[in-house]
Amino acid sequence: MEVAGQTQKVHLNGRDQATVDFRLPAEAGRKLIAQYLLFGPPQQIGTRTNLVLAEDYILKSMPTVGFSVDEALQAATVIIVGDIQAVSAADEERLKANGCQVTRLGGGPYAIEQAFAELAKSKGVSPVPSERLRAPTRNGPGSENSDSA
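In this note's numbering, the protein residues as written are 638 to 786.
It cannot be assumed that every hint is accurate.
[To be verified] Simulated restraints on C-beta separations: (1) R652 - P746: 45 to 55 angstroms; (2) D653 - P678: 34 to 44 angstroms; (3) E730 - Q654: 21 to 31 angstroms; (4) Q654 - I682: 26 to 36 angstroms; (5) P679 - A754: 21 to 31 angstroms; (6) P678 - A734: 46 to 56 angstroms; (7) D653 - R685: 36 to 46 angstroms; (8) Q711 - E755: 17 to 27 angstroms; (9) R685 - N735: 19 to 29 angstroms.
[As the list claims (entries may be wrong)] Straight line, CA to CA, 30 angstroms or less: simulated BS3-like cross-link-like pairs of lysine-lysine: (10) K758 - K697; (11) K668 - K697; (12) K733 - K668; (13) K697 - K733; (14) K733 - K758; (15) K758 - K668.
Don't read these hints as lab results, they were simulated from the structure.
Heads up, the beta-carbon is just placed ideally off N, CA and C, and yes, glycines get one too.
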């Protein structure tokens with residue numbers, strides 16, 4: 638429901654109504670949400686994995702978390718969790734065009750877990766460029782894709 642700048646009637650208990658004024662002060666360029674963690678569609682298996690990987694960060698940093706690009710447009714900072722199959726490049730560009738500072742955490746589960754650890758250390762502000770946060774997928778120490786190989 639689009640409510641900003643509108644007056645809406647709200648049913649309180651099924652029979653009583655109240656009128657609520659949703660007009661917001663006009664503050665040019667001010668976003669309503671400080672940080673939004675944007676995941677892909679909830680029905681995707683990768684999204685569930687990414688939510689588990691983000692759990693510690695979410696509990697520590699308390700960002701707004703969701704699956705909606707439209708909601709994310711209200712945020713000053715948006716962290717996209719997942720690749721372009723989760724949240725499209727077009728949606729990422731739409732967020733940037735609307736003045737959101739956007740970081741994408743992509744790659745495999747290990748890379749995303751590592752990126753969240755870095756974000757947690759820096760209290761939610763990306764300490765490294767997005768390219769470093771999109772580390773290649775790694776299967777673990779000693780694997781063919783391992784940094785130690």
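Notebook entry, point to check: So which of the earlier hints does this model not fit?
Noted result: Checked against the structure, the hints that fail are numbers 3, 4 and 6, while the rest are satisfied.
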